[in-house]
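**Student:** The lines below spell out each chain.
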Amino acid sequence: MEVIAKRPETLTKTPFTYCPGCLHGVAHRLIAEAIEEAGLINQMAGVAPVGCSVFAYKFFNFDMAQAAHGRAPAVATGMKRARPDMHVFTYQGDGDLAAIGTAEIVHAANRGEKMSVFFVNNAIYGMTGGQMAPTTLPNMKTTTSPYGRNVDDIGYPIRVCELLDTLVAPYYIERVSLLSPADIIKAKKSVSKVIQYNKENRGFTFIEFVSTCPTNWGIDPVKSRDWAKENMLPFFKPGLFRDKGAEEVKS
Amino acid sequence: MEKILMKGNEAVAEAAMRAGCRLYFAYPITPQSELIEYMAKVMPKVGGTFLQAESEVAAINMVYGAAGSGKRVMTSSSSPGISLKQEGISYIAGAELPAVIVNVQRGGPGLGDIQPSQADYFQATKGGGHGDYRLIVLAPSSVQEFADMASEAFDLADKYRNPVLILADGMLGQMMEPVEFKPIMTQEEIDELGKQHTSWCICPNADGDAKHHHEINSLELDPSVLEKHVLQMYEKYAVIEKNEQRSEIFNVSDDNEVLCVAFGTASRIVKSAINELKKEGKSVGLVRPIRVWPYPYAAVAAAIGPKVKQVYVFELNTGQMLDDVKIAVCGKAPVNFWGKVGGIVFTPAEIQAKLEACF
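Heads up: the sequence lines are chains A and B, in that order.
When the letters of the first sequence are read in order and numbered with the numbering used here, they come out as residues 1 to 251.
When the letters of the second sequence are read in order and numbered with the numbering used here, they come out as residues 1001 to 1359.
In isolation and in its complexed conformation, chain A is listed as follows (with noise of 0.2 Å):
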């Protein structure tokens, strides 16, 4: 029988630990396949959050580290100066980096650390039940904030692309949506770009990937998709704000 897909070597054999219709999943496969391709295996290490990909240094194959809630840019920072031969990567959820961990993503983006961070935004807590994340769009409704978020109290969803795009040192910064098979073909092509530069030692790349949280939204996983079409990609809108490659190509 003819192989046609296959789990990567990148990913171990231990089943994800996601909740049915979730896009962690997707977003970890997108990222194992382009480590696997670019022949990074014995090279790459990884950085895992609090939150719902806490476990993520279960399902790469290779060393991992689980990092304090925010801080794995931090973590990862200390991996690749302590051994510049390894290529790094943080994985984060919209807490661990846009809320809890503001200033570690702020700084590692800053200083241009020659890492990868692949950040997904769900609009919402997951892995504690459905509390309000910095991304929460407004008027949702979420266990923290049971009669819509209210800008007026709490302030607007935060752009994290648009925001590290003020910086001048970061590399790369690309938000991409896993919403659709076609969209999760461009991020597919995104990431492996990005794996590419981190191979190359280019600088700090980011990646957000707009995903869904069927459970904690209390919407079916297709429908889901449907909702974040409408509701995510208005306000957190997909696009290339950064490529200093595709630059230093051109000039």
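Bear in mind the hints are in silico, worked out from the structure with no lab data behind them.
One or more hints might be untrue.
List of simulated lysine-lysine pairs, PhoX-like, C-alpha gap at most 25 Å [said to hold, decoys possible]:
hint, chain 1, residue 1, chain 2, residue 2
1, B, Lys-1211, A, Lys-199
2, B, Lys-1228, B, Lys-1242
3, B, Lys-1211, A, Lys-6
4, A, Lys-58, B, Lys-1354
5, B, Lys-1282, A, Lys-58
6, A, Lys-186, A, Lys-229
7, B, Lys-1282, B, Lys-1307
8, A, Lys-237, A, Lys-189
9, B, Lys-1182, B, Lys-1003
10, A, Lys-13, B, Lys-1211
11, A, Lys-188, A, Lys-250
12, A, Lys-229, A, Lys-6
13, B, Lys-1279, B, Lys-1309
14, B, Lys-1340, B, Lys-1354
On the provided structure of chain A, position chain B as indicated by the hints.
**Tutor:** Frame of chain A; chain B shown alone:
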């Protein structure tokens, strides 16, 4: 090697570099800023990493990442900054990583002041961060000892895969004394040291080796597995308690009528007072814990001579070591305490007066 007149903050930095530290992450704070400034100068010269982090929180997490990569790494701060590092220290202890942390203590609580203090004894020896863990805590009393403790701290950290804290204070950090350094470790020696960690740390797969998947982690949701991990750590701590107690005895004899217990800067002043009292024919001994965890209970107990009427504890805090001394003395003599706080350091004359009142 010739002696060099240096500040404690600079001496410990130089000694750490000589002991193979090539990674240093920290944030400025008085009275330890000469340490970070010295590292900023010396690390680039030896091909090391100096990184001024955005916060103490980030710095300790950089230490976590570098320690998880099996390299000698250090951070330093002063009291309020050490409080900020406690989360990361707990993770480092939980993941059983070797790392060295220097606390140049200042007066607290809160922002306190920038004068010398020993008010972080509880934080250093009784927890600090969350969860069941211990730090090995070294308490220098001179610039020379402060410097010597850098290599000692790295050796202990490597040996036990445990964070080691050097508990100094603003006096030791700022004071200049002659100091003699050990030779600079060669790159070959540093590389050789690193090999002891390659079975567990983040590192590339060597050619031809079986593929490894190392996890640097303190999370374990299965209570029975976490219980096993914590108990295994406690077995390690029991070995440390058995093998690693260190103390100095000063003027201890059967003639002692008072036995003092003091550590760090406080112990130096107590020694001066004891020497003065000696001239008056008054016999006072001192036990100085060189390491405050594991605590040298046995050494304190053994120093209580037949004529000792009183055990006297002197600290630059409100008596944070007192309970440990009471455990050691175990009712064999009354235990008294006197301390100065708020960053004020007692004088030899003040200590002498307190001791004279015991005769």
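**Student:** So, for every hint listed, does it hold in this structure?
**Tutor:** Evaluated hints:
Among the hinted pairs, B/Lys-1211 with A/Lys-199 is consistent with the structure: their alpha-carbon atoms are about 19 Å apart, no more than 25 Å. A threshold of 25 Å between alpha carbons decides the hint, and for B/Lys-1228 with B/Lys-1242 the separation of about 21 Å falls inside it, so the pair holds. Annotation: proposed proximity of B/Lys-1211 to A/Lys-6 holds, straight-line Cα distance about 19 Å (limit 25 Å). Between A/Lys-58 and B/Lys-1354 the CA atoms are separated by roughly 60 Å; this puts the pair beyond 25 Å, and the hint is violated.
Between B/Lys-1282 and A/Lys-58 the CA atoms are separated by roughly 66 Å; this puts the pair beyond 25 Å, and the hint is violated. Note on A/Lys-186 and A/Lys-229: the hinted pairing holds, with a Cα-Cα distance of about 16 Å set against a maximum of 25 Å. Of the pairs offered as hints, the one joining B/Lys-1282 and B/Lys-1307 holds, with about 12 Å between alpha carbons and a cut-off of 25 Å not exceeded. Between A/Lys-237 and A/Lys-189, the direct Cα distance comes to roughly 18 Å. Compliance with the 25 Å bound is thereby established for this hinted pair.
With a C-alpha separation of about 11 Å, the suggested pairing of B/Lys-1182 with B/Lys-1003 holds against the 25 Å cut-off. Restraint check: the Cα-Cα separation between A/Lys-13 and B/Lys-1211 comes to about 14 Å, which is no more than 25 Å; the hinted pair holds. A C-alpha spacing of about 23 Å is found between A/Lys-188 and A/Lys-250, which places the hinted pair at or below 25 Å, so the restraint holds. For a cut-off of 25 Å, the pair hint linking A/Lys-229 to A/Lys-6 is broken: about 29 Å separates their Cα positions.
Only pairs whose Cα atoms come within 25 Å are accepted, and B/Lys-1279 paired with B/Lys-1309 is accepted, the gap being roughly 20 Å. Taking the CA atoms of B/Lys-1340 and B/Lys-1354, the gap is near 13 Å; set against the 25 Å cutoff, the hint holds.
This entry does not satisfy hints 4, 5, 12, going by the numbered hints stated previously.
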